[in-house]
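Student: Spelled out from the first residue to the last, the chains are:
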Amino acid sequence: MTAPTLPSPKSEVFGGGVPKGRRGWGLDRRATFWFIYLPPLFWLIAFLVMPVLLMAAFSFRPDMRGDLFQIRTPTFSQYASVAATGSYWRLLGISTLMALGIGITAVLMAYPLAYFLAFRAGTRAGFYLILLLIPFWTSYLLRVMAWKILLGTEGVINSFLIYIGLIQEPLTALLYNRTAVILTLIYVWIPFAALPILAALQRIDLILFEAAADLGARPYHQFMRITLPLSAPGILAAFFMVFIPTVGEYVTLLLVGGSRGFLYGNIIQDFFTKAANWPLGSALSMIMLAATLILVLLATRIIDWRQLFE
Amino acid sequence: MNAWRGSFMLRSYYFSLIVLLYLPIALLFLFSVNSSASLSFPIKQLTFDWYQKLFAADAVLRSARNSLMVALGSSLAATALGAMVSILMLRYKFRGQNVLVALAVVPLIVPYVVLGVALLLLFSVLHIERSLWTVGIAHTVVALPYTLLIIASRLAGFDASLEEAAMDLGADYPTTLRRVVLPLIFPAMVSAWLTAFTVSFDEFALALFLAGTQPTFPVYLFSQLRFANRLPIMIALAVLLMIGTLTLVFIAERFRRRET
Chain A
1 MTAPTLPSPK SEVFGGGVPK GRRGWGLDRR ATFWFIYLPP LFWLIAFLVM PVLLMAAFSF
61 RPDMRGDLFQ IRTPTFSQYA SVAATGSYWR LLGISTLMAL GIGITAVLMA YPLAYFLAFR
121 AGTRAGFYLI LLLIPFWTSY LLRVMAWKIL LGTEGVINSF LIYIGLIQEP LTALLYNRTA
181 VILTLIYVWI PFAALPILAA LQRIDLILFE AAADLGARPY HQFMRITLPL SAPGILAAFF
241 MVFIPTVGEY VTLLLVGGSR GFLYGNIIQD FFTKAANWPL GSALSMIMLA ATLILVLLAT
301 RIIDWRQLFE
Chain B
311 MNAWRGSFML RSYYFSLIVL LYLPIALLFL FSVNSSASLS FPIKQLTFDW YQKLFAADAV
371 LRSARNSLMV ALGSSLAATA LGAMVSILML RYKFRGQNVL VALAVVPLIV PYVVLGVALL
431 LLFSVLHIER SLWTVGIAHT VVALPYTLLI IASRLAGFDA SLEEAAMDLG ADYPTTLRRV
491 VLPLIFPAMV SAWLTAFTVS FDEFALALFL AGTQPTFPVY LFSQLRFANR LPIMIALAVL
551 LMIGTLTLVF IAERFRRRET
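If you read the sequences in order, they're chains A and B. Residues in the first sequence are numbered consecutively from 1, following the working numbering. Residues in the second sequence are numbered consecutively from 311, following the working numbering.
To be clear, the hints were calculated from the coordinates, so they are not data collected in a lab. We put the beta carbon where it would ideally sit given N, CA and C, even for glycine. Certain hints may be false.
Claimed, not checked - Label pairs and their in silico Cβ distance ranges: (1) Y361(B) with E210(A): 39 to 45 Å; (2) Q168(A) with A366(B): 17 to 23 Å; (3) I294(A) with A366(B): 35 to 41 Å; (4) W314(B) with P229(A): 33 to 39 Å; (5) L228(A) with E439(B): 49 to 55 Å; (6) R489(B) with K274(A): 31 to 37 Å; (7) R315(B) with L131(A): 32 to 38 Å; (8) F42(A) with F496(B): 33 to 39 Å; (9) V49(A) with Y332(B): 38 to 44 Å; (10) A366(B) with K274(A): 32 to 38 Å.
Claimed, not checked - Over the 12 Å line for every Cβ pair with chain B, so calculated as not near, a few chain A residues: (11) S81; (12) S87; (13) R203; (14) A232; (15) E249.
Said to hold, decoys possible - In silico contact screen, one side only, chain A against chain B (beta carbon under 10 Å); selected entries: (16) T32; (17) F35; (18) L133; (19) L150; (20) P219; (21) G248; (22) F262; (23) G265; (24) T273; (25) T292; (26) L293.
Starting from the given sequences, assemble the full structure and let the hints guide the process.
Tutor: If you want it as structure tokens, here you go:
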């Protein structure tokens, strides 16, 4: 990070000559700068940059022995052992593919919702949007648990089927595997994914549709040539908003996945808790962090994120 | 005709998703007033026992209080920091400005499990005992992007000439910030604060690594999930918390409306 220089005023008038009879402590913009600048700078360096650097340093340690502060000769042994262990790569692949699939599915399912809210919901669009978001604002753990109640061996669906006599033994296929994790995550993310798409759709000038219709474009062509391209930034943003939390996901699996649904995030969690092999866990985390950052950087080349937050 | 049918299908899709989204939540309400401890059909009898038992369950209430304190502290800190970065971003020009803003937004794209273990490492190396403070610090980091985006989009709507006018009239810059800028961005700060609050209150992935011996509500809830007979009490509390969160969200919405 480059050292900050003194701020220069944006306009002549702004930071220029200080008028007489001023009030307060008499601090000008330059002096005030440090009071506003230092707290966030300290915070971000202490609790974001430092921990990540520390994790990077840790990933080059040979083992857990010795004081945590102690400088050890850096070694690539952790990365080597990651590289040599096929199951890690397999899990990284599964996690990435799963996040990819969940991201795409959630976007596909969220798009018609956003389209409905933007163009067809009329005056009640605001209300419909809030209705859609209320589940998103309720406890994540609880929504997952609710699915567990629905799908578990003593859950609602099984009890109901036994109650009406359709089955004698509870169905176990509904829970404790990756399918359950995937279903749960898609369910959880749909309302969230609709938001950036909606923002992009609302930005489209309706005159474009009139012009297209005047020129004889059918609704299908209007959609393909106007709506879809103009909502592309929203689609990509929605995808990443789902993809990034999902790729590091380890919680949902603890709740509905059981041991058969192990994911990359879970091995990281394991190495930092039960297995207590922090250097290896750090190496795995660094790999995941690098992979995510590279993907996002690629995406920022394609779309301008700032459009979405205007 | 065709357009009408398209509209109808979109509407049906919307409402079937709504049903799917609300069904499990409705179930939670149902089981919080069901006399049977097992979460299965048929429903036995309507009761408010679980709510009564809840108020005798110290550990449960303590975890809710912990969550409340963490959410309160971290949301206030995240709002203050978000306002500072907003002002730095829009009212100053300095070297490294883009780096600072990027750092503030980057937690959005770091998987929580990675940030969680990185902070766990930091606190271990510094011999800082894990507590509500460490959870609060983590929550402040992840809430900052939200508060920054909310406050900055509001501040961007105001011309700097208002501040120039105040300074021309003799106010120093801190006074200008306090008397001119702060009132202008106040509605955004309130809605940023509420957003940060709800982000923190519901957060589990970070808290599990950093909570230590004082669990927040999601962490406690998680530790209790294997004890089936405790579940209805937890659900009862969760229903109450859900109502609380919804109230907060509606207040936030109000403020956002007033803003525009």
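Student: Hint by hint, which ones does the structure fall short of?
Tutor: 1, 2, 3, 4, 6, 7, 8, 15, 22
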